[in-house]
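Here the protein sequences line up with chains A and B, keeping their order. Quick note on our numbering: the first sequence kicks off at 1 and runs consecutively. Quick note on our numbering: the second sequence kicks off at 263 and runs consecutively.
The hints are simulated quantities; they were obtained by calculation from the structure and are not laboratory data. Be aware that one or more of the hints could be misleading.
[Claimed, not checked] With beta-carbon atoms standing in for the labels, derived distance ranges: (1) B:Gly586 with A:Pro113: 34 to 42 Å; (2) A:Ala248 with B:Arg403: 52 to 60 Å; (3) A:Asp23 with B:Asn345: 35 to 43 Å; (4) B:Leu268 with A:Thr112: 38 to 46 Å; (5) A:Pro56 with B:Ala278: 52 to 60 Å; (6) B:Gly586 with A:Asn40: 39 to 47 Å.
The beta carbon of each residue, even a glycine, is placed where N, CA and C say it ideally should be.
Chain residues, written in single-letter form:
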Amino acid sequence: MVAMAIEAQGVTVRRMGRIVLQDISLRIADGERVSVIGPNGAGKSTLMATLAGLLPLAAGAVRLDGQPMNRLRRREIARRIAYVPQSHDGYLGFRVREVIETGRYAHVEPLTPLGPRDHQAVAEAVSACGLAELLDRSVDTLSGGERQKVWLAAALAQQSSMLLLDEPTSALDPAHQVELIRIMNAFAAGGGTLVVICHDLNLPLALGGRVIALQAGRVSFDQPVAALEDTERLGRLFGTRFELHHGAEGRSRSLHPVVTEP
Amino acid sequence: MRRGLLYVVLAMVWLAVAACSLTVGTTGVSIGDYWRAAAGAERPLTCFLKSLAELPLPRLAMGTLAGAALAVAGAMLQSLFRNPLASPYTLGVSSGASLGAAIAITCAGTGLWLGIPVVSLAAFVGALVCVSVVYLVARLRQGQATATLLLAGLTLGFISSALIVLVMFLAEIRDSDHILRWMMGSLEIVGMNPVWEALALAALAGGVAAYLHRDLDLLMMGELVAASRGVSVRRSRRLVYFSASLLTAGVVAHCGPIGFVGLLIPHICRSLVGPTHHRLLGACALVGAIFLPLCDLLARNMLWWLAAESRQIPVGVFTSLVGGSFFLYLLLARGNRTAL
């Protein structure tokens, strides 16, 4: 039997009185790479926050290594799951180093300063994300791509075995997108479980693994990433046509919505 | 190292302010006058120290404590609400305290109960009732509890203010004048008992603040981020809210509402030591402890120096005037560079 990291069973979530997720059942095993796709409003971010144990359930249960999530303390969850939300609206003068050090919250006692193991974890996260030059800069002064790397580094400093990322590459330039994909792949290659919400369908192709497609709060399909080659199904999911392109040497693939020229 | 030096400098500034506060005295009555008055007594030194412990020392101690407590409470609440305009008074603590004091002044006069002035006791109870009602209202609305806390606090503040006006309207002129003076804020206390009472509350709440310094950092970054790092947001929010309220209530009960300390000092300290709370809370305590006794020194002597007038400007009025002007300057000087 595959070691199971997280499992949702018949999960229904309401937000502001509206059902956003309905009867979701899925399993994500240790070391898997999972991309979550779907049109806007399909419930992707809600699913991710639910898997992180951050939302109350209207029905069903989420289990982490067999234990009901709602019975675990937040510190225990944070030691196993690191979550990077889609947007961070407040920086308020914090320095890069200070933000990354918050990743150690679940590992240190409230009145104890960070120890050698914490500094080591922070240093590894800084190195993985290439942020050594920016450590003393205020986060307010960074570009969008640099900020995203800072939040990712803080999540890596948590040293959790599972990383949940909500649209980590949206609104980033191509160079930063490639850089973030490299960091995510390195995390997964080290045995970590990676769950990523993907706005851009080329991200699942770059990460590999499995794709969970959501539509109107339900799982539309849950298959290996090769399923994305079925462009007709993608078209039905997103309500627009897609084309799959293969690179010249057959080593890369890319998916694009079809835009007719005026 | 540089920050360590900053704390040393701040501690020295406090010593200088404390020395000035004691030596300059109040409206022309300096420490020398106390000494000369004691010189004729049987034991001049004991008499001198006793007279110091009666008025000038408690005033300095209460100013130090109140300044530190209000500044720390302000920093905690600004982080909790992620709102630079939050202050110890945003949550209706001062209005609740003022209402309690107004009712006590009108109905029970200015007597003592178990050695504690009834007005202080009523003010403390008023503040806690107000804070509890605000918290219960926020609990009824799940999901947006922090925003609701802020709105409920503001609303209850307005309701309390209206009730204070009603009490003043119904009270006799003499009581009404007493209420008005109480609401101006003052550090005029007699003896050290009020200081010990406020210190006990401040030590308790300040300890909680220190315990929660990492939670405060993360709450400032947003509740979702805080929860994902392992913060139990509801528990931390409750602890921050009640400890900040306790810090404020302990001070307001004895001194009345002293405005702008809790709003202004955290802003100044963030620019000195940055936003992380393990540095910010200590800096706020020190700068607040300097700011309020300094304002009190100026407020109680200003009219004497300018016009040989023996009346004192209430310190709450002075801090609001000075603090408000300085806050405006900060806003204009910083422009849109930062939200805080």
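Consistency of the hints with the structure:
1. B:Gly586 with A:Pro113: 34 to 42 Å: holds, 38 Å
2. A:Ala248 with B:Arg403: 52 to 60 Å: holds, 58 Å
3. A:Asp23 with B:Asn345: 35 to 43 Å: holds, 39 Å
4. B:Leu268 with A:Thr112: 38 to 46 Å: Cβ of B:Leu268 to Cβ of A:Thr112: about 24 Å, so the range 38 to 46 Å is violated.
5. A:Pro56 with B:Ala278: 52 to 60 Å: For A:Pro56 and B:Ala278 the Cβ distance comes to about 55 Å; the hint holds.
6. B:Gly586 with A:Asn40: 39 to 47 Å: holds, 46 Å
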